[in-house]
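Chemist: Line by line, the protein sequences are chains A and B.
Counting from 1, position 140 in the first sequence corresponds to residue 140 in my numbering; the numbering is continuous, with no gaps.
Counting from 1, position 105 in the second sequence corresponds to residue 105 in my numbering; the numbering is continuous, with no gaps.
Simulated from the structure, these hints should not be mistaken for laboratory data.
None of these values were measured; they are calculated from a predicted model.
We treat Cβ as the ideally placed atom computed from N, Cα and C, and that holds for glycine.
Some clues are possibly wrong.
PhoX-like, lysine-lysine: derived pairs with alpha carbons at most 25 Å apart [claimed, not checked]:
#	chain 1	residue 1	chain 2	residue 2
1	B	Lys-80	A	Lys-647
2	B	Lys-68	A	Lys-530
3	B	Lys-150	A	Lys-530
4	A	Lys-75	A	Lys-515
Computed beta-carbon distance windows for the label pairs [said to hold, decoys possible]:
#	chain 1	residue 1	chain 2	residue 2	range
5	B	Thr-65	A	Gly-524	17 to 23 Å
6	B	Val-53	A	Lys-607	31 to 37 Å
7	A	Lys-609	B	Gln-119	26 to 32 Å
8	B	Glu-158	A	Lys-612	32 to 38 Å
9	B	Glu-125	A	Glu-85	30 to 36 Å
10	A	Lys-515	B	Glu-158	58 to 64 Å
11	B	Thr-65	A	Tyr-102	48 to 54 Å
12	A	Val-615	B	Gln-84	26 to 32 Å
13	A	Lys-612	B	Lys-122	47 to 53 Å
Each chain, written out:
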Amino acid sequence: MKTNTIFLTLFFLLVLGAVFLTDCSQRTTQTIVEGDAAQQAYVPPGEYDEFYAFMSGGFSGQVTAYGLPSGRLLKEIPVFSKYPENGYGYSEETKAMFNTSYGEVPWDDSHHIELSQTDGEFDGRWLFVNGNNTPRIARVDLTTFETVEILEIPDVAGLHCAPFITENSEYLVSGTRFSVPIPQEDVGIDTYQENFKGLINYVSVDPEEGHMELAFQIEMPGYNYDLARNGKGKSHGWSFLTTYNSEQAHTLLEVNASQKDKDLLAIVNWKKAEEYLEQGKGQTRETSFYHNLMDESTSIVNSTEVTETTILNPQDCPGMVYFIPVPKSPHGCDVDPTGEFIVGNGKLSADMSIYSFDKLMAAIESEDFAGDINGIPIINYESGLHGILQKPGLGPLHTEFDGKGNAYTTFFISSEVVKWDVESLEVLDRQSTFYSPGHLVIPGGETRKPEGKYLVAMNKITKDRYLPTGPELAHSAQLFDISGEKMKLVLDFPTKGEPHYAQAISAGKIVPNVKKFYRIEDNGHPRAAKGEGQARVEREGKEVHVYMTAIRSHLAPDNIEGIKMDDEVYFHITNLEQDWDVPHGFAVQGATNAELLVMPGQTRTLKWKPFKPGVFAFYCTDFCSALHQEMSGYVRVSPANSDVPLKWGLNNENTTATNMREQAEQQLAQRVDD
Amino acid sequence: MKQLLIALGGLSFVFLISCGGGGETASQSPAATAQEAEPPKADPKGIGEVKEVNLTDPLEESMITTGKAIYEMKCSACHKLTDQRVVGPGWAGVTNKRRPEWIMNMITNVDVMLAEDPQAQKLLEECLTRMPNQGVSIGDARALLEFMRKNDVETVGEKDQAANQI
Numbered sequence: 001m002k003t004n005t006i007f008l009t010l011f012f013l014l015v016l017g018a019v020f021l022t023d024c025s026q027r028t029t030q031t032i033v034e035g036d037a038a039q040q041a042y043v044p045p046g047e048y049d050e051f052y053a054f055m056s057g058g059f060s061g062q063v064t065a066y067g068l069p070s071g072r073l074l075k076e077i078p079v080f081s082k083y084p085e086n087g088y089g090y091s092e093e094t095k096a097m098f099n100t101s102y103g104e105v106p107w108d109d110s111h112h113i114e115l116s117q118t119d120g121e122f123d124g125r126w127l128f129v130n131g132n133n134t135p136r137i138a139r140v141d142l143t144t145f146e147t148v149e150i151l152e153i154p155d156v157a158g159l160h161c162a163p164f165i166t167e168n169s170e171y172l173v174s175g176t177r178f179s180v181p182i183p184q185e186d187v188g189i190d191t192y193q194e195n196f197k198g199l200i201n202y203v204s205v206d207p208e209e210g211h212m213e214l215a216f217q218i219e220m221p222g223y224n225y226d227l228a229r230n231g232k233g234k235s236h237g238w239s240f241l242t243t244y245n246s247e248q249a250h251t252l253l254e255v256n257a258s259q260k261d262k263d264l265l266a267i268v269n270w271k272k273a274e275e276y277l278e279q280g281k282g283q284t285r286e287t288s289f290y291h292n293l294m295d296e297s298t299s300i301v302n303s304t305e306v307t308e309t310t311i312l313n314p315q316d317c318p319g320m321v322y323f324i325p326v327p328k329s330p331h332g333c334d335v336d337p338t339g340e341f342i343v344g345n346g347k348l349s350a351d352m353s354i355y356s357f358d359k360l361m362a363a364i365e366s367e368d369f370a371g372d373i374n375g376i377p378i379i380n381y382e383s384g385l386h387g388i389l390q391k392p393g394l395g396p397l398h399t400e401f402d403g404k405g406n407a408y409t410t411f412f413i414s415s416e417v418v419k420w421d422v423e424s425l426e427v428l429d430r431q432s433t434f435y436s437p438g439h440l441v442i443p444g445g446e447t448r449k450p451e452g453k454y455l456v457a458m459n460k461i462t463k464d465r466y467l468p469t470g471p472e473l474a475h476s477a478q479l480f481d482i483s484g485e486k487m488k489l490v491l492d493f494p495t496k497g498e499p500h501y502a503q504a505i506s507a508g509k510i511v512p513n514v515k516k517f518y519r520i521e522d523n524g525h526p527r528a529a530k531g532e533g534q535a536r537v538e539r540e541g542k543e544v545h546v547y548m549t550a551i552r553s554h555l556a557p558d559n560i561e562g563i564k565m566d567d568e569v570y571f572h573i574t575n576l577e578q579d580w581d582v583p584h585g586f587a588v589q590g591a592t593n594a595e596l597l598v599m600p601g602q603t604r605t606l607k608w609k610p611f612k613p614g615v616f617a618f619y620c621t622d623f624c625s626a627l628h629q630e631m632s633g634y635v636r637v638s639p640a641n642s643d644v645p646l647k648w649g650l651n652n653e654n655t656t657a658t659n660m661r662e663q664a665e666q667q668l669a670q671r672v673d674d
Numbered sequence: 001m002k003q004l005l006i007a008l009g010g011l012s013f014v015f016l017i018s019c020g021g022g023g024e025t026a027s028q029s030p031a032a033t034a035q036e037a038e039p040p041k042a043d044p045k046g047i048g049e050v051k052e053v054n055l056t057d058p059l060e061e062s063m064i065t066t067g068k069a070i071y072e073m074k075c076s077a078c079h080k081l082t083d084q085r086v087v088g089p090g091w092a093g094v095t096n097k098r099r100p101e102w103i104m105n106m107i108t109n110v111d112v113m114l115a116e117d118p119q120a121q122k123l124l125e126e127c128l129t130r131m132p133n134q135g136v137s138i139g140d141a142r143a144l145l146e147f148m149r150k151n152d153v154e155t156v157g158e159k160d161q162a163a164n165q166i
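The shape of chain B in the complex, shown without the other chains (with noise of 0.2 Å):
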């Protein structure tokens, strides 16, 4: 009996939502929570296990390496070198928008950033396309940056400008 009870809360359900259309549920949209909510306040390392790195000059030609080989596998489908952006926005510079904590945290914890990070779910907004989770370790996740770095003094001529960012 009680399974059966089960199955008809089940159905009740299904009613429930199909007659929600115009009545009083629609106003209990997850957008008009969030209105309503605090808004979190950003932080400029982004959310994530990244909490401090150390930013060393000259760059270290090896990490270079490293990040150009996982930016080809795992990152050249949707960001280019340039300022340009296809799915995802263009990399010239990045180091001097973006924290480097904020840059290692959106590769590495894109879920959450995504979820919760301001300036993440801004970019989000734009390109409408979330960013894959492509596996890559905190250490690679380095090495990309160290390859950005490069980028930025190829491509916009300074980088790390954001780097002191509050």
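With the rest of the complex left out, here is chain A (with noise of 0.2 Å):
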């Protein structure tokens, strides 16, 4: 023991001699990390977190959900790209997800999180996210952390300007990145400024089940939308929309897009809009987009095409929509927790600009206006000012508040965090981060009710934070605690994809409500085997479908024969388990697309296509039991022209003609005759 002693030492040591050295060129991590940093991320083994942060997968394609603030990574979930972790795009229950009108995508860039809100504040039932190259935006519900919906934008290009929500979840609002032609046409590119448009869209959810709907659209000049945000109380009914390249340039835009001091805010009035759709100003145009949509008994998605949308032209429809001024190149726009404060970040600008929104208001009334863009007046820049922070940084990006009347922006070019006061634009603090911070997040910031306890940066670049893993590094995010008058480093932790934006909630709303297990009694899925009694193979002309069942530790049946070559083999597992974390894997020697994992209840289907003649096996892949290891299984395939009778059987009870219910049945009938 003793000299385990000397030898810990000697390796602490090095270890602290090592994390010296690396630090030497920067800044030193004393400077950084102060106090009892460490034990304020620290979560003991057994305790949970006290928040859920979902982060955007950017170019996975999936949401991450986090602990805070331990930054422990809890779950993957798999959205807009194909898992093969767990089968999802790949089992025939759920490639319908990915129907777009491009046919089938695989893969997107998922950008914002937006949690359902009621009163403006988080109430943990669904997770919005979007899809920014082909144009989506996607459900999870948040009992069960899976993808239950995905609803295809039409006519639009980088949908990134999404899907942001308002405060009862009446819409998620989403606005084109890039104008495109609509409809697509064949034509010039130089002919941008005449034939490009850009759209604004309003999708609706359905307050009980959570279901999207496309509401309507609206037709704006041919800028990029980039972000938005919707108000909240007193500015409820409203949405904030930033865009840039109000130049309409459409080549070398770093040059031609920045020529302009100031671009524009976009400023809709959704509640006029509502009343204009009633009064039939919208006009019907044919596209096709796509809805797909998990059916939750038998968690089966279904695809349907649309073909028609209704538009909204702002010339149509008198104060729908307006435009402000806002500073060079905007990216962030950010409503206060009060409803009163839109920040606008020009992240070419070194100047915030800050609008009131009774100012705003009072302008659209006395009709303070310096002009129009096809109709869409623009409102004076001064009139609707509530003021400018001045030089707080370098690349303004994004703003969150903290409840506390502050507000806390990232400086992408500066690297650095600053906190500020909204009514006195006063800063306050300013903090390192490392390096180039996007969005950062804060429990509940864009809602009516922060938790300003924590703030979580999320960083582009990562060098020298983690050990080297070859030139790519994971993206970093870093965890301040913010509940006193400075903010304080806590903690760095590793990110999944390029992660965009993140929402966190309090852990105590997504708890109760998650599933243990789906019960087995409510499956509707019409291939399920609702118990091993109802195990069996049937065929269906040149498909064969086998109802299989797994639970601790086999899956019945085990043995299956008279597969023929040219057949196409549906393995439709059933997991009979009504536990928590036990889900069983299926997977099958020469399977072309991927395994399954079915969750405690579940049914899933994994389509296999014979290769050649033989016996191939199969098995469960997520460890189960001490026994997991037998839990396998033989098909056998014969010549397509062979005469091997259709057979499957458990324990070599084979079964021809009757299926193992059946035979049970017979053998109990039997005992009670003798």
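Put the complex together from the two separate chains, hints included.
Modeler: Okay, structure coming up:
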């Protein structure tokens, strides 16, 4: 034991040395981390975190759930990208989730998390996230952490500005990042100014089921719509969207779209839009987009094509849309918890403009306008302004609020988070980040009731924060304690993909509603085997359907014969378990798609095409019990012209004409007769 | 600095574990500790919410129907109606070996039973697969018991022999 202690001490010194050496070239850990930082982020084994943070997965197309303050990765939730780990997008039930008007699109770039709200607070029911590349919005059910719906948005490109939610989840608001010809047509790109248009989209959310529907679209000038927030409290009923490229450039945008000193903030009165819609001011236009929705009882995704959309034109709808100038190339657009202040961040401007909702309304009332664009009035800049935060840092991107009158803004270029007073526009504190933060998140920071205890800065560059892993390093999230006057760095943790935005919610709003398993009694899947007695194999022409059950520690049936070349085999696996955390996996040799991970009480289907005659193994992939290795079986494949009869069984109780339940009943009857 | 200390503390923990193989830590296995403790006294009713079950004759037909349906959905994968052990023990004669309360507690409170009840633990040693918690309600467990009683009549000719076991 003594030698061990000596060894350990030496080892510690080595580690310490390594830490100090690495840090010498940068600001040292001591100057950044102070006091009890580690204890603040430490969540002892067996204890829960206080918050869930949901981070979009960026180019991974997924969403990740982290615990705060520990920074522990709790789950990766597959959304827009197929996921071989559990067969999402590969199983027959979930394939249709990837249907779009472009065909099957198995990947996307996920950007903004929006949790559902009631009365301007998170209610913990659903999570929405956009797919930027193939414009889509997805809904994740927070009782199961599964993606249950994806709605495509037609006639837009780069759905970056999405899916911002209103305070009672009435709408998810989005705008096109890239304007495009509508409808699409083969025109010269240099005809941008005459042919390209932008759309702002309103997707309604069913208050009971969460189902999404494209309610209407507003046709806008061909700018780039970048980010948005909806009003809250007094400004409820209004949406605010930043736009850049008001120059309407179409090439070398980094120069040509940065010509003007100011771009525009679009201001939409969506309650007015609803009135116009009611009055029939909308024009129906033919289009094509897909709506993919999971049926709760069968857990099968149904995909439908929608061929019409309703467009509102601001020229026909006075009082529906306004513009106001905003500093050069704005990115973030954030509304404070009171609903009074709207922060417009010009990423290429040294100043930040903070607008007052009351002043905007007064300016609209008195028609205090400086002209119009295509019939959309432009409010005089000074008239709508609460004030200007002068030179708070370089490259302001996003702002969140702590509910105590303070705002926190990330500065991409100067790599810092700056805390400032929303009312007095006074800078209160600044802390360095490592490096180049994009979004930041405070639990509830964009609702009416933020929980201003922590702030997470989501950094784009991570040099020197973690052990090197080749040219690419994990992106870093940095947790700050913001409960005091000064922000305090508490923790770094790596993230998946390049998360763009996150929202964080009190764990108490989610934990009580989380499902532990799917009730087998409620399994409405048409191919479910609800009990081992229903396990069987049926031939339907060239299709062979295997109704298989899984429970610790066997699959039934586990011997299948009579499959022929040219058959298509569908393995329908029902997990009979009714217990938390006992999924069963299913993998079959020569599968060209994926494996399955079947949750307790759920049925999932893997399609398998025999590739040569022989006997092939299948097995459970998720370690489930001491006899997990034994949870396996064989499927025999015979030549197409062979006459091997269809046969299946378990424990040599092979069955041909009758199913296993009948056989069991016969045995029982026989015993009674004896 | 404290963050670092905790990280180092974590490291030392790893080291202690990795060098504990042949050292004094080896004697501290959970099994040894269990042997030293007073062996728990077996309660023939098992452990759980079910304290008293009233058995009636004749058998309740509607409960048998419900019990059979639950058996087929949630139990038949591991329990046969004969005395053959597959993954779990066969059900033939179970009501002659166990009190009705024990059976229902085993169904509805399986994790606690496997952790604390000596009879349940003995079965786990034989079967080596933990009986899953199948989310069966107390009412449904009662229906399963009725189905077991009927099965015992049909398979071994007598039922409820352990009903009053002390």
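Chemist: So, against the hints stated earlier in the document, which numbers end up violated here?
Modeler: 6, 7, 8 and 10
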